[in-house]
Amino acid sequence: MADSLVIVESPAKAKTIGKYLGRKYIVKASMGHVRDLPKSQWGVDTENQFKPKYITIRGKGDVLKELRNARKKVKRVYLAADPDREGEAIAYHLAHSLNLEMDEQCRVVFNEITKPAVKEAFKHPRKIDMDLVEAQQARRILDRLVGYGISPLLWKKVKKGLSAGRVQSVAVKLIIDREKEIRNFQPEEYWTVTVQLLAGEEIFEAKFYGYGKKKTELKSEADVKKLLEAVKGKRYSVEDVKKSKRRKNPAPPFITSSLQQEAARKLRFRAAKTMAVAQQLYEGVELGKKEGSVGLITYMRTDSTRISPTAQKEAGTYIKEKYGDSYLPDKPRTHKKKAGAQDAHEAIRPTSALRTPAQIKPHLSRDQYRLYKLIWERFVASQMAPAVLDAISADIRAGEALFRATGSKVKFPGFMKVYVEGNDDGKKEEDKFLPALEPGQMLKKKSIEPKQHFTQPPPRYTEARLVKTLEEKGIGRPSTYAPTLDTIQKRGYVMLEDKRFVPSELGEIVHSLMEEFFPEILDVTFTVHMEEELDHIEEGKVNWVEILERFYEKFEKRLEVAEEEMKEVEIRDEVSDEVCEKCGEPMVYKFGRYGKFLACSGFPDCRNTKPILKTTGVDCPKCEKGEIVERKSKKRRTFYGCDQYPECDFVSWDKPIPRNCPKCESMLVEKKRKKETMIRCTKCDFEEEKN
1 MADSLVIVES PAKAKTIGKY LGRKYIVKAS MGHVRDLPKS QWGVDTENQF KPKYITIRGK
61 GDVLKELRNA RKKVKRVYLA ADPDREGEAI AYHLAHSLNL EMDEQCRVVF NEITKPAVKE
121 AFKHPRKIDM DLVEAQQARR ILDRLVGYGI SPLLWKKVKK GLSAGRVQSV AVKLIIDREK
181 EIRNFQPEEY WTVTVQLLAG EEIFEAKFYG YGKKKTELKS EADVKKLLEA VKGKRYSVED
241 VKKSKRRKNP APPFITSSLQ QEAARKLRFR AAKTMAVAQQ LYEGVELGKK EGSVGLITYM
301 RTDSTRISPT AQKEAGTYIK EKYGDSYLPD KPRTHKKKAG AQDAHEAIRP TSALRTPAQI
361 KPHLSRDQYR LYKLIWERFV ASQMAPAVLD AISADIRAGE ALFRATGSKV KFPGFMKVYV
421 EGNDDGKKEE DKFLPALEPG QMLKKKSIEP KQHFTQPPPR YTEARLVKTL EEKGIGRPST
481 YAPTLDTIQK RGYVMLEDKR FVPSELGEIV HSLMEEFFPE ILDVTFTVHM EEELDHIEEG
541 KVNWVEILER FYEKFEKRLE VAEEEMKEVE IRDEVSDEVC EKCGEPMVYK FGRYGKFLAC
601 SGFPDCRNTK PILKTTGVDC PKCEKGEIVE RKSKKRRTFY GCDQYPECDF VSWDKPIPRN
661 CPKCESMLVE KKRKKETMIR CTKCDFEEEK N
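Taking UniProt numbering, the leading residue of the sequence shown gets 1, the next gets one more, and so forth.
Take these hints with a grain of salt, some might be off.
[Stated by the list, open to error] Straight-line alpha carbon distances no greater than 27 Å define the calculated DSS-like cross-link-like pairs of lysine-lysine that follow:
hint : residue 1 : residue 2
1    : K53       : K225
2    : K266      : K672
3    : K622      : K672
4    : K156      : K53
5    : K541      : K127
6    : K313      : K336
These are calculated hints, taken from the structure and not from any lab test. Computed from a prediction, not measured in an experiment: that's the story for all the values here.
Using the sequences and the accompanying hints, generate a full structural model.
Encoded structure:
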C-alpha cells in the first residue's frame, strides 16, 4: 500500500514519475497553479506591505479536493513541481492548500525525468525555498501593479481590452523603434564589379577591391566607368596567394532562447509552439511496452550551457563508436558561462545521447521528432571536435586595379558531420571553389560585370531575432519570451507579415501614450535593473517588499498624473471598398491575432467577418470561374484555393504562378526544395528553375 503522495503539474509527468517510483507512491497532478491573484480585483494591498490576496483558481476546487483526500491516506507528501521560480511557487501554494508545514522536507527537484535522476532526487528532499517563492511573488505583484494600474486607463482613454506590461511594453517599443528606422532610412547607392577569370580550363570569380593596395568603394556609375576604363586592355595576373587553416568550434548546447531561435529558423516553429513541444518531451513520451513513458530531454527553461560529466561521457562514447576517435576533442568540451546567467540548471540536452532520433521516431509525433532531433544533434555536435577549413585568398592585379578572390573548403568536418547552426539569413556554409593559383600566374578574362546596389534598411524582427534581442539586452527571462510574443499579438499591438513583426496603428498609439506618461516602463535600463532586483530576491540579498515599495512610490504618482492629463484617443476603422453581403453596410479593416481582416461596420447588429484574400492572378483550373487566392489552414499554414469556395473545392499546397505550361497549357506551381525553387507543371513533366 502507498505511503507517500507525490504532486507534479501534469498528468504526463505524473505517469512518467509514477513508473519510476513504484507502488509505494501515489503520483497526482495539480494541473499547474492552484492559487493565484483574483482576475476581477486588484488583489494586492499596497498599504500593507503589498500583501497579496490569493484565491483558489476557478475550476481547481475538484483538483484540490482529490489531492486532500489522497493526502489523508499517506504518511508523507512530496511536491515535485518544475525546478524554477514558478515551480517553487506552485509547491508553496500546494503546501498552503494542503496545510503542510513550511519547514517540512517536502520539496523534490530534478533537471531530467529519468529513473536515476528521479530516484536520486527523492533521497534529498528539502524545504520550500522561500527566496525563490518571494522572487516569483514579487514578479507577479509587480506585473499586477503595472497591468492593473495602466490597463484601466487605456480602456478608458483608448479602447477596451487593452493591456500594458513591463516586458511586453519594451518588446513593442523595440518593434516600433525598428519600424521608425526603416521609415527614416535613406538608401545609398553602391556598385560591385565582378570579373570571371580562367585559370587554364577552370573558371572562378574575383571582386574589385581597390586601387594599389587601398580599398576603394564604388559609389556611382561614374566610379564604375573609371574602373572599366582603367582595366581596359590590361592583363590579369595573380599578385599574391594566402592560404590558411581555420578551426571552427561547435555552438554550445541549447538554452531556452537559443532553442526558440533555432526552432524558428530551421523548423519554422513559433516560440510558444517550441516551448509546448519541449514540455511534452521533458515530461515524458510513451516509447512502447519495453521502456514505457520516458522523459526525453532535460528541463527546457534554462540560461546555462553547463553539461553534467555523465552526459558528456555518454556523448563521447556515442561519438567514438559512430565516427571514430578523430571526431572527439582532446578533452571534454565546456562552454563559457554567459554573463548574468543564473546557471540553475543544465543546458537543454537529450536525457540519453544513445537514444537517437531515428530509434524513437516511430513513437513521436512529427513535431516532437523534429524538435527532439534538433536538440539531440545540437548537443552531440557540441561535444565533438572542431571543423577544419582550408581558406584561400588571392589578389589579382589588372593595371592599378586590384581584384580579390576567396575560397574555402572543408578539410575535416568535425562537428559539422552532425549539425551546423542556422542563421537569420537562411544561408548555409558551403565549399566555395577556387582553383590552384600561384603568384605571377597569368589569367584570361572571360567577362566583367558591374552591378548596381542600394543599401538596405535594418530588417524587421522575426520571432527569433526579437527573442535574441530581448536576451542580449537582459529583458525578461527564459520563461517570459514565448508568452510575451503571444500577448503583444493577441492585443493587436503588432502583427506578423511574412513572419516579421509590424506594429499596428493601435500599437503605436498605446506606445506613444506609454512613452509620455510611463517612460520608466519603456526604459530598457529600468527593465533590466528590475530583472536584476528579482534575481537578488531569489539569491536572498534583498527584501522583496523594499523593491516593490521603491517602484510603487514613483509609479503611483505617474498613475495620478496620467489619470488627469491623458487625453482620449479615437481610433477609427479604415473603410474598405467591399460591402457586407449580409446587410449591405461597408466592410472595415480590423486587427486580430493573425493580422488584418474584414468586419462589417454594422457591428454589433451584424457580426459578419471574412479574411483579406491575397490574389495570385491565376484562374481556377477546376471551375474556370473563380480565381486562386492565398488562404490559411487552422494551423496557420498557407495554402491556395478557389475564391468560389464552397461551390468550388480546388486546393493546392503549392503556389500557382500566372502563366501556363509551355508544353500542355496546364497550371504551373512553385515547388520548393532545400536550396532552390522549381517551376513545375501540375499535369506533365515540364520543370524549370525559378529565376
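Is the hinted pair K622 and K672 satisfied, with a Cα-Cα distance of at most 27 Å?
OK: K622 and K672 at ~23 Å, within 27 Å.
Quickly compare the C-alpha distance for K53 and K225 to 27 Å and report which way the hint goes.
violated, 76 Å
Are K266 and K672 close enough, with their CA atoms no more than 27 Å apart?
holds, 15 Å
Take the C-alpha atoms of K156 and K53, compute the straight-line distance between them, and say whether it is at most 27 Å.
Measuring from Cα to Cα gives roughly 26 Å; hence the hint holds.
Pairwise hint evaluation, K336 against K313, where the allowed Cα distance is 27 Å at most
holds, 19 Å
If you draw a straight line from the CA of K541 to the CA of K127, is it 27 Å or shorter?
holds, 19 Å
This entry does not satisfy hint 1, going by the numbered hints stated previously; all others are met.
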